[in-house]
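Here's the letter readout for the chains.
There are 2 protein chains.
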Amino acid sequence: MIAIQDTYPVDVAYCYGCGRLNEHGHQIKTYLVGEETIAEFTPEPFHVAVPGFMYGGLIASLIDCHSAGSAAIYRMVADGKEIGSENAPRFVTAHLEVDYLKPTPLGPVRLVSRKVELKGRKVVVDTDFISDDTRTATGSAVLVEMPASMASDPFSPR
Amino acid sequence: MIAIQDTYPVDVAYCYGCGRLNEHGHQIKTYLVGEETIAEFTPEPFHVAVPGFMYGGLIASLIDCHSAGSAAIYRMVADGKEIGSENAPRFVTAHLEVDYLKPTPLGPVRLVSRKVELKGRKVVVDTDFISDDTRTATGSAVLVEMPASMASDPFSPR
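Protein chains in written order, with our numbering: chain A, 198 to 355; chain B, 198 to 355.
Treat the hints with care, since some could be wrong.
Same chains, same label: a pair holds when it works inside one copy or across any pair of copies.
The calculated lysine-lysine pairs, modelled on DSSO-like cross-linking and capped at a C-alpha distance of 30 angstroms, are [what the hints assert, rightly or not]:
1. K316 / K299
2. K278 / K319
3. K226 / K278
4. K226 / K299
5. K278 / K312
6. K319 / K226
7. K226 / K316
8. K299 / K312
Think of the hints as simulated: they come from the structure by calculation, not from any bench. Since the structure is predicted, the reported quantities are computational estimates derived from the model, not experimental observations.
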């Protein structure tokens, strides 16, 4: 399986959450499995909210990056393209929501997401955030595709 | 001025985002100024989404922690207590929303928040996320006070 983040163009592969070229970052990897997308992550000992439990900001960060990767996957699938066959499109987050259902123990977690909507340049992705077999948080993100013209000069003034 | 995070009880002062005792974390500080709460933060060079622009997960993280600190402040103010006069109550996030209005340049930012609702153990806080004089994101968070009985054993099974 090929992680979508490993197919981002070089100039947009430095994201702190998911960029393969950010040596200080989380470097999360998002895979298509059936119709869902999956990512796994193991936090550092200091990624705590209170001792023993995962920091909520990290939970939001992982949902954010995994949703952006998922949006790229769902866009390619909708276009009939195989993951890894070309550079992935790069999505940015317009809106992020997280519900913290219960404390997440500090340990390996899994994110499982699905496409809720795909319309034009916009994709909506919902996520279950899972610790062991318990869903401890849920996320919903609205992602918008970065124009191709921004790939070499992302986010220049419009 | 006293930052609310400097008055959290020791056992809940290890948060990666705002714990004064987390040497690896962001250690943000939230102050009451008039009826608003303020925090300032300068990111590291590697806290990028794409080169030159701040990582969205960090934006969500800062809003999350600053909102929790703000909730503690508003709770104390409502109870007629002066910040620093005793240990602050500790709030945890139940729901977090972030709207990314425009890219945030990688540089110092300021968070300015206000109380939207305070009812029982629940506080709702809205935040403007500001880069230079431009609002680049907004946040809304629902915080719930951690029971005092959990202070020495936070998040134990209920």
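Against the structure, the hints come out as follows:
1. Within a single copy, K316 and K299 get their C-alpha atoms only as close as 33 angstroms, which misses the 30 angstroms cut-off; across copies the closest is 21 angstroms, which meets it.
2. For the identical chains of this complex, K278 and K319 are intra-copy neighbours only, at 18 angstroms inside a copy versus 47 angstroms across copies, given an alpha-carbon limit of 30 angstroms.
3. In this homomeric assembly, K226 and K278 come within 30 angstroms of each other (Cα to Cα) only inside a single copy, at 19 angstroms, whereas the closest approach across copies is 47 angstroms.
4. With identical chains, the CA atoms of K226 and K299 are at most 30 angstroms apart both within one copy (25 angstroms) and between copies (25 angstroms).
5. Taking the closest pair of Cα atoms, K278 and K312 come within 30 angstroms of each other only inside a single copy of the chain (16 angstroms); across copies the shortest separation is 47 angstroms, beyond that limit.
6. In this homomeric assembly, K319 and K226 come within 30 angstroms of each other (Cα to Cα) only inside a single copy, at 21 angstroms, whereas the closest approach across copies is 36 angstroms.
7. For the homomeric pair K226 and K316, the shortest alpha-carbon distance inside one copy (24 angstroms) is at most 30 angstroms, but the shortest distance between copies (41 angstroms) is not.
8. Taking identical chains as interchangeable, the C-alpha atoms of K299 and K312 lie at most 30 angstroms apart whether they share a chain (24 angstroms) or sit on different chains (24 angstroms).
Hint compliance for this structure: every hint is met.
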